[in-house]
Each structure stands twice: as C-alpha cells, then as structure tokens.
Amino acid sequence: MDERVAMSDPDTYNLVYLNKALRHDLGLTEDEDITGKKCYEVLEGAKSPCEFCTNERLSRDYFYKWVHHDARTGQDYIMRDTLVPWRGKNYRFTFSTCLKDYVGKYLKENGEIVGKSAANEMIAIALDERDPDASIDKMLESIGEALKADKVMIFEEDEENVSATYEWKKEGVPSTIDKLQKIPREKAKALYQGYVPSEVTIINDPERMNKALKDGNISAVKINSLVSGHLAINRKSFGFVEVVNPAPDRLKDASLLLTAVTRFLSVLIRNRDIYKRLRQLGNTDQLTGVMSRHRFMGLMQHIPQGEPIALIYADFNDLKDINDTDGHEAGDEALRKMACAMCSVVDQNRVFRVGGDEFIAVAEEVNLDDVKEIVKKMRQAFDEQGVSAALGYGIFKMPIDDIEAAIAEVDHWMYYDKRRVKEEQHKDQDFIPDHLPEKTAGQKEEGKENPEQ
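Numbering (UniProt numbering), first residue to last: 1 to 453.
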C-alpha cells in the first residue's frame, strides 16, 4: 500500500521520477526510461496538459491537497502536491494515496454503513486543511465528537520514549498534554500488547487499565473505557491514538471507526513529517547548508519593530576563475568554505545564500562597533579557509520598508571593497555609513557624507 510518488518539471511537464508503486499502477517496469516523457502523457494518457493541472497553485510553503478520480482505474486518490528545490530549480513533487487502500480494505467486509460514511466524512474534513497539524487536529475533533468521548490524544514515539503531541478534549475536561511527555516506552507496553493481532484495542477492564496507565503516567483522566489504535505504516510504528471514555452506546462504532481512521492518521503524521522535511529543503541551501534566500525574506518579516540589525553582504572574489581553472567541484568546495567561515562568526541560521556566489549574514541588536568586530572576524575566517570575498554592510532599524533597497545599499558598499581588492589595496577597511538610518532603507540622512569621500 505504498504511496504513488512522481516528480516533474512544472515548466516543461517532463517527468524526472516515478516510484515503484506508481510504475506498477501504470504498467511500467522499474527500469523503464521516462526521460523526456510528459507527465500528462504517462499519468493521464493525454496529449496536452491536464485541465485540472495544479502547477499554478503550488509553492514550497505548503502541500496543495485535492481528490482526483482516475477514470482508467475507477479509483479516487488523495493528492498532495508541492514544489521542492532540486538541482537549482523548483520541481513538482506529488504523492497520492488510494482511498480504497486506506479505508476500503478495512471496511469492505463490514456492513456498518454508518461507520464507513463517518470515516469518509472525517477524512474529507481533514483534507480541507492546508496545514498538516490542523488536519490532525480536525481529525481528532471529528473522532471525539462522533464517539462523544471525553478526550482524544495522539502519542508519538522515538527510540526511548512516547510523548503526547496532539489533544482534543470535551469542554470542561482538563488538558493533560503537557504532563504526558517523555514517558519511557516500557511503561506503555500495556497498550502496545493490545495491538496484536488487531491494530485497535478496546479496554474492558477499567480498573486494570487505570492502574497501568497511572503507573506509566500515560493518563491523568479517570478511564471508564478506552479505545486505542496503533499508528503504523508498513510495520513502522509512529505511536498510538487514545479515545478516552467514548459514550457506552458508541463503543461498537468506536472500534470500526478507529480501525478506518487510525491508518489515515498514520498517513497524516507521516505526511506532516515529509512536509517539514520539504520545508527544510526550501529553507536550506543544499550546497552549503546555510539558509536560503526564501528563508531570509521570511526572517525579515519576524524581527521585532525598532530592533537594529546589520546586513553583511559577502561576494566571492573570482569564483568564475576557480570554476574555469579547477572545475566546478572546486568552485562548490570554495563556496562551502566561504559559508563555513561566515558561520564560524554568525549563527548558521543567520547566514543566507542569496545568489550563486553571494551571501548575506544578519546580526541582530547590534551597533556600529559590534558590526566592525563581526566583519573583522569574518575576514580572518576567510583567510583561514583560504578564500577571498568582498564585504559590504549596513545597519538598519526594523521594519525595513524596502528590503531590496537595503540589499542594494550593502551591495553598493561591497563593490567598493571588491574594487579595492582588485587594486591590491588593503581590504581591512570599513565601508559603512556612520549612522543608523532612520528613514526607508536605502536612503541617507541629510548632511551625512559617504565615508569614502
């Protein structure tokens, strides 16, 4: 029941990757070459881009979720589309889940139409949310209300512990999520033992379970009944979901319903983790490991108003010569050394690659003397790494109304430095206005002279 995964160029529609599960659905062998083939031709059997193509709606910030009916197979698929950076550009990344695989498998032999429709409705509600965490919250809310429970919680595991990560509670029921953190997995064995052979267990011995959960610190609510589902995909365990005190007349439905939606909750959690990893890819420059320009623009929107910050602009000297003489691998290594030098002075989360050989470092709550010291250390770090870069910098008060103008200003001072380096003059000079701009970034105060004049 693997998800179907595809990657394509959103500009040319050329496919670059299909995983094994999708190749199987399409009748393709694992080694069949798809180079140069259009996504609409291979995936839909069409001669032109699909009318329902979502390329225009995609960004690297979120998954666009929708349901697609494949006329050839007659199946409905939950589609999740986003953009991921790869080899210097954005590619469309799609993975799809067959609803039949994750719901129908558990319900096809059961005549409980109410349970099936409730599960489908919950899934539809969760899919309406763009944010993965909000999808999970909506799912828990739907489960809790459908089963008239006191509480629904998700516990996620690592190698040693389980911790409560999501909680829905009925009005008047106290929250316990903060108390249920880093519980040794050994103390949760009473629950895990109930998942064999079924993935869902109903606890019919409240006294025993209350004692077990109390000993394990896994619940701070008195339990009269509990339905718990194991969160797992392909034998990989993520944790478990607890439905605490469902209404007595809903216990029968609870088992059926949780059997259906537990698998989907597992998918939501796995998808959330994929989403976070993809966001990290979008926020991080894959060559150097520093932050991306996209992340820089996001940071500028969150620094508190009135706080002085320094933008330090660095441009690698003669990278083209290195590429031409020693090859692009040597050029890439030189860029990594430059990034390493900057990160030795400024926190890695405040160093951004904004162009091919251009970086910006951000220093917060600083004055002119602080910035001069940072630049001095940065030049020393460049020397230690055996790289050469021109530097320009400026101090601004937040918010910066025109960030592009601010970048242009520090870029202006960087070119003074680059020119002097080429003229073989000493490069330990400071090219910065001796004031904190009070106006829009890029403007100078009246009466202030260029320090180079």
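No lab work stands behind these hints, which were simulated from the structure alone.
Among the hints, a few may not be true.
[Claimed, not checked] So the derived label-pair ranges between C-beta atoms look like this:
no., residue 1, residue 2, range
1, A71, D347, 49 to 55 angstroms
2, R185, K276, 52 to 58 angstroms
3, D347, F52, 40 to 46 angstroms
4, E373, R87, 34 to 40 angstroms
5, Q380, T12, 41 to 47 angstroms
Remember, predicted model here, so these are calculated numbers, not experimental data.
Glycine residues also receive a C-beta, built at the ideal position from the N, C-alpha and C atoms.
These are the hints, each one checked on the structure:
no.: 1; hint: A71 / D347: 49 to 55 angstroms; result: holds, 52 angstroms
no.: 2; hint: R185 / K276: 52 to 58 angstroms; result: violated, 23 angstroms
no.: 3; hint: D347 / F52: 40 to 46 angstroms; result: holds, 44 angstroms
no.: 4; hint: E373 / R87: 34 to 40 angstroms; result: holds, 38 angstroms
no.: 5; hint: Q380 / T12: 41 to 47 angstroms; result: holds, 46 angstroms
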